[in-house]
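> The listed protein sequences correspond, in order, to chains A and B.
7 is the number of the first residue of the first sequence in the working numbering; add one for each residue after it.
4 is the number of the first residue of the second sequence in the working numbering; add one for each residue after it.
Among the hints, erroneous ones may be present.
As the list claims (entries may be wrong) - Think about it this way: if two alpha-carbon atoms lie no more than 27 Å apart in a straight line, the pair counts; the simulated DSSO-like pairs of lysine-lysine are:
#1 A:K15 <-> A:K287
#2 B:K83 <-> B:K22
#3 B:K196 <-> B:K135
#4 B:K196 <-> B:K171
#5 B:K250 <-> A:K306
#6 B:K239 <-> B:K250
#7 B:K226 <-> B:K240
#8 B:K148 <-> A:K304
#9 B:K148 <-> A:K250
Derived by calculation from the structure, the hints in this document are not laboratory data.
Here are the chains, one letter per residue:
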Amino acid sequence: MEFIAALMKSMPGAVGQGMIWGIMAIGVYITYRILDVADLTVDGSLATGGAVCVLLTLNGANVWVALLVAVLAGVLAGFVTGAFHTFCGIPPILAGILTQLALYSVNLRIMGWGTGAGKANLPISVDKYDLIISSRYVRDVGVQNPILALVIFCVVIIGVLYWFFGTEIGCSLRATGSNHNMARAQGINTNVTKVLGLMISNGLVALAGALLSQYQGFSDINMGRGAIVIGLAAVIIGEVIFDKVFHNFALKLLASIIGAIIYYIVIQFVLRLGLSTDDLKLLTAFVVAVFLAVPYWKGKYFPGKIKSEKGAAADA
Amino acid sequence: MLKIEQIVKVFNPGTVNEKVALNGLTLHLEDGDFCTVIGGNGAGKSTMLNAVAGVFPVDSGSIIIDGVDVTKLSEHKRAKYIGRVFQDPMTGTAATMQIEENLALAQRRGKTRSLKIGITKAERARYRELLKLLDLGLEDRLTSKVGLLSGGQRQALTLLMASLVRPKLLLLDEHTAALDPKTAAKVLEATEKIVARDHLTTLMVTHNMKDAIAHGNRLIMMKDGRIILDIRGEEKKKLTVEDLLEKFNVASGEEFANDRMILG
């Protein structure tokens with residue numbers, strides 16, 4: 007009973023954190039699912055978003071302006087990865103790793119801005135600054151509860167992306183991920199669409215980083231470590247659970263957010279069971295590996311259950 | 004309409020795998036020409052089509068489409084002038100997107116894409132009509148994912164996409180080779196219909212001599228990266244498979260020993 011009570015008490019925190027990582031997961035969804043590229047830039051750009059947001063806020067910038075600049079920093083990171091990939095011909099995974107590594111130094115420099123040296127951690131207090139969200143109020147009832155603000159963020163982001171991927175440019179981006187040969191034959195500059203997709207994705211990831219730093223009250227050089235795996239976990243959990251019910255694009259994005267929330271609820275659960283936080287990354291990697299392997303095993307050992315209209319259309 | 008002048012393409016130059024794929028190839032097509040292309044494996048048929056489409060840059064020579072020198076243009080820029088159907092039914096369409104979305108992408112070939120809605124209501128109605136003409140039952144499945152279609156349906160759809168915005172040049176790269184005979188005949192019939200209706204300048208590569216003879220107003224045979232035989236007009240109309248084999252032997256000085264081409 008005590009266990010359940012403690013677990014319940016940690017639920018709002020799990021939901022809040024899950025929604026922030028859900029925004030990050032939508033960024034991963036755009037590269038991993040729509041563009042068909044596993045972009046590892048995100049481990050760096052998440053921390054960049056946090057670093058930029060905290061630094062600017064500490065220096066007196068309006069918190070919304072800080073948030074916007076953080077997003078732009080992420081967009082720039084995505085552009086660099088895109089340029090490595092398209093202009094320099096570097097395979098996308100390696101391009102992402104290069105940017106991510108470079109961002110480690112960049113992030114230290116951002117947080118150490120004005121000190122002449124790098125800094126690995128930058129705290130910000132909700133008492134002194136007018137932050138949009140803070141974990142301090144996560145169990146409060148009222149407008150300062152971060153979950154309310156996060157719901158609005160998620161709804162707006164899903165709405166904007168739903169609109170965007172229905173536009174001509176959005177469609178060309180989807181076509182690039184689906185079949186780049188076809189896309190080029192239809193006159194789409196696939197280099198441009200790839201870079202654009204990476205920019206949008208990393209912009210969202212940096213936004214998540216900025217929100218996370220406000221939520222937890224600091225930005226940290228390591229806050230993005232393993233972010234890609236958490237993002238993938240959220241995307242995949244969302245897909246496994248909602249694949250059969252959610253067909254609409256907006257709902258698929260929502261599934262990633264719910265996936266992230268479920269991920270954090272499960273994490274809370276295993277932590278309450280006594281797992282050390284040190285072992286979390288091991289657990290996460292294992293869970294994602296299993297979820298990635300299951301569809302492969304299904305296809306390999308239980309074929310024939312693939313949804314298809316081929317039989318009906320064979321003589322057409 | 005199409006002027007290919009002395010194009011040369013060497014793959015893997017300076018290595019043991021060096022291959023002269025196009026060896027000073029020259030070909031002029033008039034407006035409305037429907038030219039079939041035959042030749043053995045490695046003759047350079049697909050390479051010629053890919054060179055025209057801009058999949059890779061040529062080493063020398065020039066390619067001019069309707070007076071525009073496209074030799075240095077990238078693949079996606081040339082797409083403005085060119086409609087393409089590929090050998091592999093998977094290549095021409097986006098499997099994870101809907102039929103109408105694929106058509107909408109093709110409708111915007113050669114145009115600047117903006118933040119306007121990707122597919123309008125009026126378009127949908129038009130696509131339904133056009134799909135009806137294909138007679139494959141696709142008109143009621145506009146929102147089906149293309150990945151669910153059969154190879155023949157996908158090729159027919161690709162053909163429709165290639166001609167949705169009238170191309171100055173239609174490139175068909177063995178587009179029926181991966182289909183069963185019955186489906187292949189149906190796709191070829193649709194090809195003939197669309198080419199005739201829109202008066203399209205067409206290059207059709209085929210492995211099938213009978214098809215090459217039965218379709219189009221001109222036939223070229225390639226070998227070692229150049230054209231060794233060019234038959235058109237009345238001569239083309241009277242052509243038989245035997246004639247063609249005979250002509251090949253004379254032109255190349257060797258037996259045209261490829262069962263697939265004779266029987267196919």
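> Is the straight-line distance between the alpha-carbon of K148 of chain B and that of K250 of chain A 27 Å or less?
Distance of about 15 Å is within 27 Å: holds.
> Would you mind confirming whether the straight-line C-alpha gap from K239 of chain B to K250 of chain B stays at or under 27 Å?
The given pair, whose Cα atoms are some 12 Å apart, holds under the 27 Å limit.
> Decide if the proposed pair is consistent with the structure: K83 of chain B and K22 of chain B, CA atoms, cutoff 27 Å inclusive.
The given pair, whose Cα atoms are some 30 Å apart, is violated under the 27 Å limit.
> Does the alpha-carbon distance linking K196 of chain B and K135 of chain B stay inside the 27 Å limit?
This hinted pair holds, its Cα atoms lying about 14 Å apart.
> Given the hint that K196 of chain B pairs with K171 of chain B, does the C-alpha gap stay at or below 27 Å?
holds, 17 Å
> Holds or violated: are the alpha carbons of K15 of chain A and K287 of chain A at most 27 Å from each other?
holds, 23 Å
> Within a Cα-Cα threshold of 27 Å, do K250 of chain B and K306 of chain A meet the stated pairing?
Outside the cut-off at roughly 51 Å; violated.
> Under the criterion that the straight-line Cα-Cα distance not exceed 27 Å, is the pair K148 of chain B, K304 of chain A satisfied?
holds, 22 Å
> Holds or violated: K226 of chain B with K240 of chain B, Cα cutoff 27 Å?
The hint holds at about 23 Å.
The structure fails to meet hints 2, 5 from the earlier list, while all remaining hints are met.
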